[in-house]
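A.B. asks: Assemble the whole structure, with the sequences as input and the hints as a guide.
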Amino acid sequence: MSTSHVLLGLLSGGARHGYELKRAHDDRLPQAKPLAFGQVYATLGRLERDGLVEQSGQDRDAGPDRTSYSLTGAGRTRLAEWLAAIESPAPYVTSTLFAKVMVSLLVAGEETTTGYLIAQREAHVARLRELTGIKTARGASAGDVVAADYAIAHLDADLRWLQTTLLRVAELNQEVNS
Amino acid sequence: MTALLQGAALHRRYGRTPALRGVDMEVAEGEIVAVTGPSGCGKSTLLHCLAGLLKVDSGGVSYRGQDLGSLSEAARSRLRRTEFGVLFQFGQLVPELTAVENVALPLLLAGSRRRQARKVAGEWLDRFGVAELADKLPGAMSGGQQQRCATARSLVTEPRVLFADEPTGALDVLTGERVLSEIVHVARERSMAVVLVTHEPQIAAYADREIALRDGVVDPSGLGLRMPA
Ligand SMILES: Nc1ncnc2c1ncn2[C@@H]1O[C@H](COP(=O)(O)OP(=O)(O)O)[C@@H](O)[C@H]1O
Ligand SMILES: [Mg+2]
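If you read the sequences in order, they're chains A and B. Start counting the first sequence at 17; every next residue gets the next number (the numbering used here). Start counting the second sequence at 19; every next residue gets the next number (the numbering used here).
Hints may be right or wrong, so weigh each one.
To be verified - Listed next, the stretches of chain A that the computed footprint assigns to chain B, with coverage defined by at least 3 CB atoms under 8 angstroms from CB atoms of chain B:
| id | segment |
| --- | --- |
| 1 | 21 to 34 |
| 2 | 163 to 176 |
Claimed, not checked - Beyond 12 angstroms from chain A on every Cβ pair, some chain B residues (computed):
| id | residue |
| --- | --- |
| 3 | 75 |
| 4 | 76 |
| 5 | 106 |
| 6 | 199 |
| 7 | 239 |
Hints in this document: simulated from the structure, not taken from any laboratory. What you are looking at is a predicted structure, and each value in this text was computed from that prediction instead of being measured. We put the CB at the ideal spot given by N, CA and C, even for glycine.
C.D. replies: This is the structure we're talking about:
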């Protein structure tokens, strides 16, 4: 997922200031990492350079956060293309975990790798519990629940992978270090 | 502080098959503990022993510091009726009784008046979203509806500990979530402890803590992988 596409989407309802975009982003995607203001402005700058957004107003007495941006026609097209594009079904988080396990076996050996896998699993389990708590909380909105579901399903897949990899770590070690 | 429920050095075999080979565990008041592990590792046996439904060969289970093994059968059965609730994967409702009669049954056995028992039972059915099934027989309900009734029945006496063995194993995801969330809310409201047996990480995540079993012993890594020597 790219932040620039999400910002384009958030601008589709009309012009907004950078700080409004940050707030809307963090509200709409509560499980995502909150956006830093710097990242918002840097992204807007790139989008403006590429002709996808334009400045549509500036309050008189003001710094950069008083500038509002709106979508251009090209921006609208780009947004529509992104929304219609099927993402390649590559598991993005697991690829980091996978790379780390392979490198760890090469560099540090089986015991260290097993220790890492156990600790990583504990972190995943803790997060799974936290997300489940968000869902179970009284007054959780449908948006909270659906966002948590998304993260839970992915964590669950990683967890299963961590668990089976633990069972295969000896075999994998032999292969990697032979 | 003493644990609400404690199992110490629990051993249990079926004929020559060992099911528990020295399990130590504790559950505090109001705590939700998941018991996890692969099929056949001893989860159900542990739950039955903790709930006083099955005798251990050696070791002991104590509730509020009192050894279950030292109680008379009558005292143990009273404890099960008043302090414990049990819920299995397939709710095991009494087929001749309607939903509300099934849920009222534990209250009647504990000495409640019929009218009061039906009223309270109706409230619990409502809490699990099946109030409109009150007068139906189990045979006329779906599996998910039966399980919601069974969950209501397991909670109607306001137990101090709920023992739940794969309670949502036969339910679709959304019904399972609804049942589990409601159990968690009851546990939080009333400081009820829960022993939740499951082999699913997503279900175990409803608990405060996880105890992983592997071949009849507790595996401290939580993975069912690292065996104590
Ligand atoms: N009634 C029984 N008679 C004989 N063996 C049993 C019985 N119940 C369980 N077992 C055996 O005891 C072990 C633990 O079973 P169980 O407690 O049901 O495990 P789990 O609930 O984790 O699947 C298994 O090897 C199982 O085959
Ligand atoms: Mg079982």
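A.B. asks: The structure should be examined with respect to each hint, and the outcome stated for every one.
C.D. replies: Here is how each hint holds up against the structure:
Evaluation of the coverage hint for the segment 21 to 34 of chain A: breached, as 0 residues show C-beta separations to chain B shorter than 8 angstroms, against a requirement of three. With 4 residues bearing a CB less than 8 angstroms from a CB of chain B, the segment 163 to 176 of chain A meets the requirement of three and the coverage assertion stands. Annotated as non-interface, residue 75/B keeps its C-beta farther than 12 angstroms from every C-beta of chain A; the closest such distance is 31 angstroms. The Cβ of residue 76/B sits about 31 angstroms from the closest Cβ of chain A, beyond the 12 angstroms cut-off, so the non-interface label holds.
Once the 12 angstroms rule is applied to beta carbons, residue 106/B is consistent with being away from chain A; the minimum gap is 22 angstroms. The claim that residue 199/B lies off the interface is violated: its Cβ sits roughly 5 angstroms from the closest Cβ of chain A, which falls inside the 12 angstroms cut-off. With a cut of 12 angstroms on Cβ distances, residue 239/B falls inside the contact zone with chain A, its closest approach being about 6 angstroms.
In the structure shown, a violation is registered for the earlier hints numbered 1, 6 and 7, in ascending order.
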